[in-house]
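Colleague: For the protein sequence lines, the chains are A and B, in the order given. The first sequence begins at 3 in our numbering and counts up one residue at a time. The second sequence begins at 3 in our numbering and counts up one residue at a time.
Same chains, same label: a pair holds when it works inside one copy or across any pair of copies.
Listed next, the in silico SDA-like pairs over lysine to any residue satisfying Cα-Cα at most 20 Å (straight line):
#1 K366 with Q154
#2 K615 with S634
#3 K615 with L633
#4 K366 with T34
#5 K615 with D326
#6 K366 with W31
#7 K366 with V30
#8 K366 with S105
#9 K366 with R28
#10 K615 with L636
#11 K232 with R594
#12 K615 with G640
#13 K307 with A341
#14 K120 with G83
#15 K120 with S105
#16 K626 with R685
#17 K414 with S371
The hints are simulated quantities; they were obtained by calculation from the structure and are not laboratory data.
There are 2 protein chains.
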Amino acid sequence: MTVGRDAGLARLFNARSIALVGATERSVWSNTAWSNCTTVGFDGVIHLVNARGGTVYGQTAATSCAAIGAPVDAALLMVPGDALEGAFDDLHAAGIANAIVLSSGFAELGAAGGERQKNLLASARARGIRLMGPNTLGFVNIGGSVSIWTSQLPPVSKGSIAVVSQSGATGSYISAYAAQQGLGLSFLAATGNEADIRIDDVISYLADDEATSCMLVFLESVRNADALAKAADRALAAGKPLIAIKIGTSEHTAKAALAHTGALVGDDRVFDAACRKHGIIRAHSIEEAVATAGLMSQTLPRPGKLTLISISGGICEISADRCDAVGAPLLDFDQDLQASLADILPDFGTPHNPLDVTGAAMLKPELFSQCVEALANSEDVGISVCLFDAPDDHQSGLLNSIIEQVADGAAKGDAPTVLMSVAPRPVSAVTRGITDAHKLPYIGAGLDQGLLAVSNAMHWVERRGQWREAPPAVRPDEKRARPVTEREALAYLDQQHVQVVPIRLAHSADEAVAFARANNGPIAMKVSSPDIAHKTEVGGVALGLEGDEAVAAAYRQMMESVTRLRPDAEVEGVLIAPMRTDGVELFVGVMRDDQWGPTIAVGLGGIWVELLKDTSIRLLPIDKEEARCMLSELRGSGILDGFRGGQAVDRDALAEAIVGIGNAALALGPDLLSLEVNPLLARPEAVEALDALVGWAGCDQAEGVAA
Amino acid sequence: MTVGRDAGLARLFNARSIALVGATERSVWSNTAWSNCTTVGFDGVIHLVNARGGTVYGQTAATSCAAIGAPVDAALLMVPGDALEGAFDDLHAAGIANAIVLSSGFAELGAAGGERQKNLLASARARGIRLMGPNTLGFVNIGGSVSIWTSQLPPVSKGSIAVVSQSGATGSYISAYAAQQGLGLSFLAATGNEADIRIDDVISYLADDEATSCMLVFLESVRNADALAKAADRALAAGKPLIAIKIGTSEHTAKAALAHTGALVGDDRVFDAACRKHGIIRAHSIEEAVATAGLMSQTLPRPGKLTLISISGGICEISADRCDAVGAPLLDFDQDLQASLADILPDFGTPHNPLDVTGAAMLKPELFSQCVEALANSEDVGISVCLFDAPDDHQSGLLNSIIEQVADGAAKGDAPTVLMSVAPRPVSAVTRGITDAHKLPYIGAGLDQGLLAVSNAMHWVERRGQWREAPPAVRPDEKRARPVTEREALAYLDQQHVQVVPIRLAHSADEAVAFARANNGPIAMKVSSPDIAHKTEVGGVALGLEGDEAVAAAYRQMMESVTRLRPDAEVEGVLIAPMRTDGVELFVGVMRDDQWGPTIAVGLGGIWVELLKDTSIRLLPIDKEEARCMLSELRGSGILDGFRGGQAVDRDALAEAIVGIGNAALALGPDLLSLEVNPLLARPEAVEALDALVGWAGCDQAEGVAA
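Start from the sequences, fold in the hints, and give me the full structure.
Modeller: This is the structure in structure tokens:
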């Protein structure tokens with residue numbers, strides 16, 4: 003079921019008739035594209051087009067697409083860059099709506115190439131043609147036996163993992179490694195420069211592709227964040243894990259990507275936040291991505307914890323350390339489980355997780371089936387991993403009988419059991435045949451990458467419920483007056499049910515004194531002016547004032563200083579607020595990301611944000627649960643629980659204030675660049691915004707938010 | 003050249019005559035041990051011993067070792083635990099000095115087993131027998147073709163990597179993975195329970211073994227830290243990298259190890275410090291360890307930075323991110339290098355590292371040789387990695403010609419060039435043959451583990467100079483009086499040239515007032531007593547005192563409170579010290595680790611140590627360079643450079659003070675449990691110890707040091 007933007011893609015990716023334009027036996031691209039059709043078993047029609055006509059691959063070539071005289075679903079254009087416009091004319095005349103453009107020399111070369119690419123796209127659009135590329139190797143629909151791929155095909159077999167890569171060579175490497183791991187693919191595409199068809203289009207298409215159970219994408223850059231978010235949501239709704247390798251964690255990649263695709267790498271931490279929001283599993287290597295896709299295409303954990311089994315104590319220990327490193331939650335066996343395992347393994351002391359069945363299990367393979375069954379039947383277990391190398395051939399009697407025992411135990415339990423090799427090893431067709439015959443999921447990635455994959459899968463499953471209940475969107479109120487000054491910003495937050503420190507605007511020294519008296523304690527005084535962002539620099543802040551004289555003197559001094567240093571500024575008066583001396587200061591900043599829109603950063607105040615960059619980031623909107631989660635991610639979060647005799651902060655109220663600030667920012671609409679509450683003061687009795695700063699698009703006062 | 007403790011090991015590991023005690027065709031251990039001798043090509047003499055005599059493996063069995071009547075270098079004891087003592091008697095009678103004990107049921111089972119193991123060792127020692135095991139699989143001297151190994155041999159080939167593991171099964175997994183990666187071994191040993199021969203003995207032996215270039219060890223626990231340190235130093239002196247997988251990074255492993263070998267896992271961070279001091283490369287997985295050993299057994303980087311080459315832009319970017327993650331220092335190309343690469347790659351824009359030669363290099367392989375040569379000839383390059391899968395057979399014409407080009411370029415440069423597969427893949431004998439023929443080091447581990455290995459090797463090479471110039475040992479002065487109180491501790495530090503805050507001991511309120519007056523500013527007052535460690539709890543601390551009255555009142559109040567709460571305590575008087583209100587507070591703690599001896603921990607004071615556990619740890623002694631390095635490791639180290647308008651601290655003076663505290667602690671000898679300076683106050687003008695606390699073995703006042 004494909005609609006709108008997808009309908010064209012469905013025709014392209016399931017083409018029954020293909021035109022190879024520029025077909026000639028003298029071109030390696032042409033020869034490869036031609037032979038790849040045979041390799042994948044394409045049983046549609048291939049039209050060869052060569053302006054000179056003649057015979058190519060023993061078949062009469064048409065001199066143009068228009069001359070074919072039959073409907074064509076997709077054309078591969080293997081012509082020089084300057085001949086593309088003519089080729090589009092020909093396609094248009096022939097009624098061909100899909101073109102794949104192999105040629106390079108466009109946006110990947112910088113600004114001038116970018117201009118050429120814009121023209122190319124305009125030229126295609128004017129003729130109603132959808133474009134894959136330029137600078138692409140094409141695609142292979144392995145499930146559907148269609149190939150328009152101009153490079154050597156990686157050794158793929160049919161399966162349910164789709165690989166989509168902006169880089170063709172990287173896509174090939176990924177596919178080849180998946181094949182070596184005995185994992186079949188449903189689909190492979192390289193989206194190249196993405197002038198028209200982007201990776202998100204392909205993801206959306208694959209969300210509905212029956213042959214695909216799971217997607218692995220390689221991203222150099224995100225060209226349309228909103229579309230990618232929608233595509234990811236669609237994959238999630240279809241229950242298909244989306245695993246993304248995205249470069250950009252280091253400074254070097256920003257440079258490399260610039261040279262490679264002419265695209266921006268984007269802010270890496272915001273991409274992490276986007277992954278979290280849209281259920282994308284971010285992998286940091288080909289190995290991790292393939293292992294994760296390999297696992298999740300075979301089975302999914304249920305919510306719960308992890309158990310491990312090995313015949314080597316040393317391997318148990320290495321695995322436990324690895325689980326700790328990757329955050330895979332190991333189950334602590336309860337007494338019942340310990341007792342039933344102790345019955346099975348009477349001489350081994352107290353059974354614990356990871357479970358060491360020792361070499362004795364080589365002589366007594368039924369220990370495997372009994373232990374595997376006991377674990378898979380524990381309600382607390384989300385997934386069980388048996389670390390054991392599957393045999394390479396049917397003749398390995400002992401190994402085969404162990405596999406049989408593991409499978410036997412697994413079949414009798416509810417939680418999925420996965421077999422995992424100890425070190426990385428290829429998974430041959432024979433090996434996969436053996437494990438498939440026993441219905442045992444098998445990962446040949448070795449425990450280092452394998453347990454990372456398990457952790458990825460467990461966290462994805464754990465968070466699925468949350469994605470289903472995303473917080474409701476906040477509608478901007480277009481008619482609202484824009485807060486500009488601190489006073490306006492605090493008043494606005496107050497309206498939006500974010501508690502703020504009680505402030506009053508004094509227009510004279512006398513008024514300041516009166517307000518200070520009413521406060522019953524030391525006060526803070528700050529100048530209020532729409533024109534002054536950096537109050538301290540103009541002597542516009544005085545703290546800890548007490549007594550009429552001090553307050554009056556501070557008022558006069560502040561007015562003198564501000565008038566002298568900023569004679570241009572319109573001054574409304576001074577704000578009088580009670581001094582707060584206890585509590586924990588937090589920083590809450592909303593900032594609009596160029597790609598992903600409004601984000602929220604939370605950190606502990608002062609040194610924590612400025613020196614440690616200890617912040618947690620999300621895309622907005624967030625709910626209270628997510629805000630609590632952000633707090634717990636902070637390295638210094640222990641301070642909220644009452645460090646050094648201080649009282650514990652009300653995390654619930656704090657989370658509520660954070661959500662409120664995020665929603666208040668959203669309600670201000672898309673022109674808001676930033677809204678920074680610094681500090682948000684958390685005390686046991688209250689959570690209050692003490693200061694707020696707003697930045698608007700096109701407005702000088704706009705301030706970046708520290709991250 | 004082997005001396006002392008090693009001489010026996012040399013005879014064991016190079017045995018020319020072996021006795022298999024308990025040989026019988028009905029035992030799988032016996033059968034395996036026997037056939038393994040053939041597999042490795044052992045050409046010495048095998049004596050079969052069976053109490054019942056008869057024919058075993060077509061050979062007449064002796065009824066005892068004594069009955070053999072010929073010299074025997076080593077005996078494998080395959081007899082039940084309770085028959086071991088009798089077997090030792092027999093060995094003694096036969097003059098056999100080396101025994102390998104397969105049997106389990108000793109320390110790995112807990113306290114009772116530990117007792118049995120003690121008796122076993124005593125029994126062997128009484129008869130002049132050296133013991134390998136119990137609970138061991140034995141060893142294989144692959145270089146020397148000697149096997150006493152009771153389990154299926156992993157598929158090893160001859161090479162220069164030695165694998166030594168406390169766990170036999172884990173050793174087998176490691177060896178099998180090394181073989182799969184086309185890496186040959188010189189030696190394989192499982193040390194089991196290490197009643198006598200420990201892993202450090204084997205390392206010391208291998209340091210002198212000509213066939214071994216590099217060692218890979220798996221440690222569950224360190225049984226003799228001092229001996230391990232000496233063995234590691236010996237390996238380092240021999241120029242042989244020692245790569246250790248040691249479990250214990252997670253809580254779970256502590257439990258697992260307890261069950262598995264009955265040994266303590268030890269403090270993981272102190273082990274890291276020990277690795278740093280003794281040049282041990284710590285690996286966290288089998289994959290990392292094998293990749294690192296594989297690289298370092300083939301080539302060593304020279305000091306300098308890393309360059310990478312790939313034909314895929316995507317792979318370049320993934321690699322750059324990976325280098326960042328593992329701390330491998332990528333070279334920024336200077337203008338000269340950019341210019342020469344731009345001459346080679348005219349159409350590719352500005353060349354940068356990682357170098358993307360693009361798919362064009364598949365058609366024009368000489369691009370490889372030219373780029374590789376240019377990089378290998380740059381003075382800044384320590385090692386150059388070419389990401390390219392080596393061919394699996396001699397027939398892959400194109401791939402072979404690329405390998406040839408890479409090798410050709412590498413041969414013309416000075417810095418080593420390494421070929422590395424993109425994803426993990428087995429390295430067959432044919433593949434290794436091809437790369438060996440071209441003298442190209444090749445890593446099949448894939449870039450994820452491969453670049454980690456490169457980073458490990460680069461850091462090892464970089465730090466080699468430092469290991470050669472270890473700081474001189476500090477001799478304890480046995481006759482020195484032991485400082486106990488804060489006053490004594492500070493006075494002692496002062497003697498040792500660690501600057502301390504000027505303090506005076508006042509015996510009366512008048513004296514306190516006089517001292518306070520002389521100070522010209524607010525003072526701190528603390529009770530001085532050898533019996534009181536926690537001064538605050540007894541009202542023994544008063545801060546920020548100013549003026550005669552305040553000082554005198556505080557003195558009287560303190561005396562009253564201390565006398566009331568600790569009537570037993572001997573009170574010397576009160577310490578008067580100037581108050582310090584600015585500067586950065588640090589924590590410096592020396593603590594004696596049960597295994598590794600005196601360690602030093604440095605952290606920023608207060609919240610940093612208590613909440614973030616942000617400390618850096620080393621074994622003592624350290625030099626100034628190392629102390630500076632510790633400071634730079636702290637997450638909050640930016641605060642030392644003058645955070646928020648504060649002045650920068652003199653890091654040099656700070657490093658000197660840290661070294662001084664460490665040396666002062668060492669000079670106090672082995673009974674010192676801890677010496678804690680908290681705070682050490684760093685200001686631009688001075689670094690001063692403000693407080694010091696000493697703990698002695700067997701003394702109640704001893705305090706743990708926060709870490």
